[in-house]
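Work out the full structure: start from the sequences and follow the hints.
Residue numbers (my numbering), protein chains in the order written: chain A, 74 to 280; chain B, 74 to 280.
Please keep in mind that the hints were generated in silico from the structure rather than gathered at the bench.
Do not take every clue at face value.
Same chains, same label: a pair holds when it works inside one copy or across any pair of copies.
Stated by the list, open to error - Restricting the straight-line Cα-Cα distance to at most 25 Å, the calculated cross-link-like pairs of lysine-lysine (BS3-like) are:
(1) Lys134 <-> Lys103
(2) Lys120 <-> Lys268
(3) Lys234 <-> Lys258
(4) Lys250 <-> Lys272
(5) Lys257 <-> Lys234
(6) Lys121 <-> Lys238
(7) Lys250 <-> Lys268
(8) Lys234 <-> Lys103
Predicted model only: the values in this text are computed from it and were never measured.
Listed here are the chains, written in short residue letters.
There are 2 protein chains.
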Amino acid sequence: MLLCDIGNTYFHFFYKGRIWKEEANTLSRKNEDYRIYYISVNDRNEKKLLESHNNCLNIAKYIKLDTVYQGLGIDRKAACYSLQSGIIVDAGSAITIDVMQEDIHLGGAILPGIESYRKMFSNIDVLRLDFNLNVALDALPQNTQDAISYGCLNSIILGIKDIAKDNFLYFTGGDGKFLSRFFKKSIFDNTLVFKGMQKAISQNNIL
Amino acid sequence: MLLCDIGNTYFHFFYKGRIWKEEANTLSRKNEDYRIYYISVNDRNEKKLLESHNNCLNIAKYIKLDTVYQGLGIDRKAACYSLQSGIIVDAGSAITIDVMQEDIHLGGAILPGIESYRKMFSNIDVLRLDFNLNVALDALPQNTQDAISYGCLNSIILGIKDIAKDNFLYFTGGDGKFLSRFFKKSIFDNTLVFKGMQKAISQNNIL
Numbered sequence: 074m075l076l077c078d079i080g081n082t083y084f085h086f087f088y089k090g091r092i093w094k095e096e097a098n099t100l101s102r103k104n105e106d107y108r109i110y111y112i113s114v115n116d117r118n119e120k121k122l123l124e125s126h127n128n129c130l131n132i133a134k135y136i137k138l139d140t141v142y143q144g145l146g147i148d149r150k151a152a153c154y155s156l157q158s159g160i161i162v163d164a165g166s167a168i169t170i171d172v173m174q175e176d177i178h179l180g181g182a183i184l185p186g187i188e189s190y191r192k193m194f195s196n197i198d199v200l201r202l203d204f205n206l207n208v209a210l211d212a213l214p215q216n217t218q219d220a221i222s223y224g225c226l227n228s229i230i231l232g233i234k235d236i237a238k239d240n241f242l243y244f245t246g247g248d249g250k251f252l253s254r255f256f257k258k259s260i261f262d263n264t265l266v267f268k269g270m271q272k273a274i275s276q277n278n279i280l
Numbered sequence: 074m075l076l077c078d079i080g081n082t083y084f085h086f087f088y089k090g091r092i093w094k095e096e097a098n099t100l101s102r103k104n105e106d107y108r109i110y111y112i113s114v115n116d117r118n119e120k121k122l123l124e125s126h127n128n129c130l131n132i133a134k135y136i137k138l139d140t141v142y143q144g145l146g147i148d149r150k151a152a153c154y155s156l157q158s159g160i161i162v163d164a165g166s167a168i169t170i171d172v173m174q175e176d177i178h179l180g181g182a183i184l185p186g187i188e189s190y191r192k193m194f195s196n197i198d199v200l201r202l203d204f205n206l207n208v209a210l211d212a213l214p215q216n217t218q219d220a221i222s223y224g225c226l227n228s229i230i231l232g233i234k235d236i237a238k239d240n241f242l243y244f245t246g247g248d249g250k251f252l253s254r255f256f257k258k259s260i261f262d263n264t265l266v267f268k269g270m271q272k273a274i275s276q277n278n279i280l
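Written as structure tokens, this is what we have:
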């Protein structure tokens, strides 16, 4: 089963437990014997896949997440759909935090991604300093670089903790591994979206 | 006593309890009978004041804050200098959080300003939504606009609370009044910088 998560920049593929990403403009041709089960948050990129591959199926409609949240992206939906209960943190260009409880999505919050914080400060003259992601969080900063790093990192961690309460956290996304270090009850799992897709496929007997 | 705090965009003046701001390019001429006691974080703007006024004194060197922090801006220094103990939060284009304890500056942290968060999200296509600063912080958001507003606002508040602990907070700056609403033990005081300047002037008998 070949799965594809079409984003704004990359196509993420999943096949037999292996994940890899391809750029939209250098998309490799896949064997047409394999149907590509996909979801997409980007119409233009979806078109690129469909133009070069005949055997594709958009499975978005099979991911029936129980939620009242308006505007949940399909990738976020798929990641949530993979879990019965827990906190899903997808740390990419934005950091999304979602709460699942007994198969119900209770809501979520969004923070800027770590790279966005970095860019934000690069726009302020005297604060044009790189992050120190190893900054100590148990002592007050004594210079500007540490003050910026501490301020942003600590507020991200506290924002996640406040929502997570005592629940188990599932981190995914580019900065997920890094952020998961700050949470005892957590794992990093870059396959959450694909697990949600697989669940939708098997529950709807699509294969 | 006429005081002036020269920033990157504005000149803030203080005279007999009254505060007003002027832009660098439309700086009004002040009566030369009054000496202008000033501090500055912007060399170009400082030059503009000195070119148009003869009776000026930079009092930066009199603001002797007890700190090991490297790179503390003179305006931030002045605000801290105005207090013996407490937390100073200057919420402008950046949000600085400083800790004073018995006349000693223990350190500080820096977060992006509220406007920076707003701009940051305006760069992400699907998230191009305005903030809802009245978002409820006691319930999980159920749409993207609330999710962004909640995520940012809550993480700012938590970041400040984490540093403030049980201490009293003094808010200043453009978003200071708004943020002070979320803290019981706090006041908004837009004169902190000038109070610090006044203290330096009186302690050094400059007048």
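Looking at the structure, which of the earlier hints fail to hold? Hints 6, 8 contradicted; others consistent.
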